[in-house]
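Trainee: Residue numbers (our numbering), protein chains in the order written: chain B, 79 to 403; chain V, 52 to 400.
Rather than coming from a laboratory, the hints here were simulated on the basis of the structure. Predicted, not measured: the structure shown is a model, and the values here were computed from it. Heads up, a few of these hints could be off.
To be verified - Label-pair distances were calculated between CB atoms; the ranges are: (1) V144/B to N210/V: 34 to 40 angstroms; (2) G81/V to G152/B: 35 to 41 angstroms; (3) P168/V to E380/B: 32 to 38 angstroms.
Stated by the list, open to error - According to the in silico footprint, chain B covers these stretches of chain V (three or more CB under 8 angstroms from chain B): (4) 119 to 127; (5) 180 to 186; (6) 209 to 222; (7) 255 to 269.
Glycine residues also receive a C-beta, built at the ideal position from the N, C-alpha and C atoms.
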Amino acid sequence: MSETLLEVRNLKTWFETPKGTVKAVDGVDLTLNRGEILGLVGESGSGKSITGFSLLGLVDPPGKVVEGSILFKGEDLRAASVRRLQALRGDRIAMIFQDPMMTLNPVLRIGTQMIETVRAHAKVSKDEARAMARDALGMVGIPRPEERIDAYPHEFSGGMRQRVAIAIALLHKPDLIIADEPTTALDVTIQSQILSEVQKLTREMGMGLIWISHDLGVVAELAQNVAVMYAGRIVERGTVDQVLDTPMHPYTRGLIDSLPMENDRGQPLKQIPGNAPPPLGRPKGCPFRPRCGFATDACLSEPSETGDLSRGWRCFHPLAQEVSA
Amino acid sequence: MNQPLIKVDTVTKHFVRKTDVAERIAIRAGLAEEPKIVHALDEVSLEIAKGEVVGLVGESGCGKSTLGRVVAGMLPVTAGSVARDGQDIATLKGRAAKDNRLATQIIFQDPMSSLNPRKKVGEIIGEAPRLHGIVPRGEVPALVEKLMGQVGLDPAMVNRYPHQFSGGQRQRIGIARALAVNPDFLVCDESIAALDVSIQAQVINLLVQLKQDLGLTLLFISHDLSVVRYISDRVVIMYLGRVVESAPTHQIFDRPRHPYTQALLEEIPRIDRRGHRFNTVKGEIPSPVNPPKGCHFHPRCPFAMDICRQERPPLVTAETGHTVACHLNGGAGHLPATTQQQTQQGVSS
Ligand SMILES: Nc1ncnc2c1ncn2[C@@H]1O[C@H](COP(=O)(O)OP(=O)(O)OP(=O)(O)O)[C@@H](O)[C@H]1O
Ligand SMILES: Nc1ncnc2c1ncn2[C@@H]1O[C@H](COP(=O)(O)OP(=O)(O)O)[C@@H](O)[C@H]1O
Ligand code: SF4
Ligand code: SF4
Ligand SMILES: [Mg+2]
Ligand SMILES: [Mg+2]
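Bound conformation, chain V alone (with noise of 0.2 angstroms):
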């Protein structure tokens, strides 16, 4: 295979916990303890190649922000390293360190929050590249017009300010400044995960437009599968900071070996399915403060075996480019008894 665009190598990274409403007040009323030390991601290992959309699923906390702030070299990293066209970008020093950071943008979730409310349009977008010096001072102006018709906002709306926008044109505002300095790796954060699901769709047709046009590589943060199943190559599954499965999109839809993946195919909400029963994986996710041993998922897994709960699957190819760390098959996940039998009808016809 080529060189990745992206490597990330056995990352780690520790937070100091943040808290939230309910456990500031118990905390200043002698309630709880001060927080702990947060195992946000737990020796990552991870390659995107070159043009590739690669979808990142997990439950909330699970370290999908913080691994896409880790590849963006926004974040440093507690142990291993991120390499970009094989070179560690925590070395890169100056311009080098300077282009890099450039040529990976974030769009997050909540475009309101990550605009200046006091900036026009026109000044949000056309700030990067004149500080940076993408191009002459004059041609400015003109590069925010040639942005804003890129993104299907109107250029004629270049002196209006973030809160005179709808919520989708906010977010095509966030597009259309992380395109003004020329990535060509672009992180969606939960980039469509605050838009109404009519506005979704068209956000999620520029995304995959502009990925054609400008030739970029995604990293495409979602727990809508089916939106990650839509736009991504490949899909990484993580569960409480760690990588438990990846593979093509269409193999692990069709045949998720990690438990926790099949649970969650299986809880998607689906618009074809009726009266569901729902039957659920059982149990809360564990807090990342103080992940339970061996592997993450054993409180909650119906297959936990002895070992689930001592050592730690390693993440293993299972078959060409689908990886896994489930100790159940040596190694190789579980397979759902549908597949089984079709693989073994399979066999004897």
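Bound conformation, chain B alone (with noise of 0.2 angstroms):
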């Protein structure tokens, strides 16, 4: 029934700079079934938003997808012309960014913005096309939608400006969504009615849906499956329920734990050391290793992914045993 959207193998995005080949993404496997829901995490830098860019075909130059495959409901992405991606995007993968001002034309009305995307990607009158646009408002919980439509986006606050750059994402029913941090920048009540909108049309129209975030808890609470990036690599994927309540990878421990907890009050929490290495400048071996108490000689070379594509790490010395159900 779970009907694979997406497969990615061994993608590497680079970037060929003065200084040198700033590896962003360096070999990044994913799979993503209709209906799915996986959280991406990783810090900043960490090659989450190169790794979307990437899928879309958005990767600006010096940047240039220099290996691996991309395969989106069995078309290989990677072997597609410029025509044919454009003719995607916007149509059946969709992209929502963390500024929606990204997406919406200051000067447009959200309407016109709305209609003129419904037609660039099927043949339909105006009317019919402003239907969907009114529909698609509505979908996202923006109230009264048929007079809102005729608004303009400084009419709207930075919550409902996303809600309107994620109608344009779903006005196709698109099949796959990668999102950027696109709640960030949100408050706290309006993050929420967004997930829940978000969490709502997944499971309604059976979209895929990557959600690219820093925080832990906004993934544990929608996704059901995460991965988690560092240095430009996968360190470890699973169920949320398995990385987050059996990490393999001290970097995934390492983050759990430094997350002030109910009743860590009155004690240090407990820290990462260090920083992320600096892209030009990643150790040799486990790119964690120098900020990693359990690292050993052995990490001198670089760790390959143990387990599959539903459960895995990269890790010399895993932290747990798996616990099998």
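Hints in hand, dock the two standalone chains.
Mentor: Shown next as structure tokens:
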């Protein structure tokens, strides 16, 4: 029943810069099924956004997908023409950005923009397109969509603009949505409204959703599966329960432990020492080694992935023995 | 109670409204009107005791930073007063005014934008002590070295520029710079928000350590309630320019009384909650240019009554140390059903 939507294998996206090659994404594997929400977490610079852009063919020079395959419903997107990718974007695959103004044009009424988007991908009349736009606005919880459709972006609050951007992403009922920290800049109660809509829509429409975030709490509540990125690679993956309850990678464990919990008051928080390595100064072997309390000489070579695409990790000294169900 | 270190008394602050990019373009294109008055703070009162850590929480634009800057004396008030050690800071002159300014320091969210990119770290940290004669000139380098050690920066990096540091290290530079003038009160305005999760814990631990070592008082502004719960002795919740609730930390988390606080606590994403069905407060946050009449929360409040649409609920003491501004239950606010049941069970058993 779970139909595979997206299969990414050994994706590498590199930037040739005067100072050297930035390996922003360096061998990423991903699988996503219909109706699945995958949380992609990691600290800034770990390669989350570039992974998302790579899937859509939106990496700007000097960046380039240098290796790997991206299969979307069986179609090889790396081999697809620019025109084919344009046709897919906004139709079968949509992206939602952290800043909704990346999607919205400030001097156009949102209805105008939405009608344009509809008609770019479907042969429908203006009236039909307008009706579709209005329905999409209603779907993301914009009150009185038939009135608000004629408003300009500045007449909406930040949270409402993000909903409009989501409505635009939903116009063609895409199969896949890649959402890059779309609620990070929003307030908690507004974030919660948007998460609620997104959750409902994936359930009802059977879309696949990749939700990029650095907030483990959001991912825990929203997603079924999670992939943790560090220095351009996925270092741990599994169901939310597996990854958050029995993390195998010391970095995942460190992230979870460093969150202040109810009973931590009065004692120092467990912290991960040091900083993420700069993209051009990654250490040899396991990139987490300088910050890892479990490192041994074995970690001077690179750990490959243990497990499979549903549950796996990259570490020579995984923490727990997986509790088998 | 002893005299509070800081007493904010019925402070109101108005601004002429700032516009964002979308609006500026719209104004230029003739699609929007020119800005109006923003009610950033609307009769806010607050006391901070010496040595206390007060967490200040609220949604974007509700006036947290404005209150922080008012408390630090960086921003004049429209009405009301701010007193430090019982003295209205607006009446301070000369030496006393300067001492007051130095005694309160703000640590901002984005360390990069508050650090001069063309100055070396040593100059950034040593600038204020040199300027204000905190120590004799010759001793400034030693002071810088001490401060860098105190915030966990390698003093060998004294000649580097801000861009050569990571985000967490830059925040440490900002903290060292603030400490350089011997403040006794720090306003931390979203000081960890821009940092990665793995770095946040480092900076929080540092702030707690410094607070203990130096006997500091903190006003900790944040939208991250789990961090606020960890660090604060008392939590103050703001909504649209007003304080709506204030209580000791455990009390506000165990028994929040304001419907807004309750909604906020319910919606904080938690890693121990899976597949949550989000069930949310409806509606947008109203604009502070045009706040609703009566209780500012009434358009979104599930319990709103007629009086809420007409009259502002006063901030009253509902139980010891716990104040709330809500018309429910004669001004005591709303207690969730579970708590009421527990209380009843407690009484009957
Ligand atoms: N210098 C200014 N000029 C005009 N308006 C301002 C100015 N500073 C703040 N405001 C407005 O006053 C209100 C309160 O702003 P403030 O910065 O205190 O909010 P905040 O609670 O700190 O929000 P955030 O969580 O986004 O930092 C907002 O509507 C803001 O746009
Ligand atoms: N245009 C560019 N030129 C060089 N390096 C880049 C460029 N864009 C991104 N990078 C680098 O790629 C890495 C991954 O970036 P990104 O995917 O944006 O991280 P994340 O979204 O996880 O914060 C970072 O080290 C970043 O500095
Ligand atoms: S491979 Fe070694 S250094 Fe890397 S995370 Fe595992 S134990 Fe730590
Ligand atoms: S005063 Fe009325 S509207 Fe305001 S929070 Fe209380 S019940 Fe809700
Ligand atoms: Mg990113
Ligand atoms: Mg602020």
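Trainee: Each hint: holds or not?
Mentor: Now for the hints, and whether the structure bears them out:
no.	hint	in the structure
1	V144/B to N210/V: 34 to 40 angstroms	38 angstroms, holds
2	G81/V to G152/B: 35 to 41 angstroms	50 angstroms, violated
3	P168/V to E380/B: 32 to 38 angstroms	36 angstroms, holds
4	119 to 127	violated (count 0)
5	180 to 186	violated (count 0)
6	209 to 222	holds (count 4)
7	255 to 269	holds (count 4)
Going through the hint list in order, the structure does not satisfy hints 2, 4 and 5.
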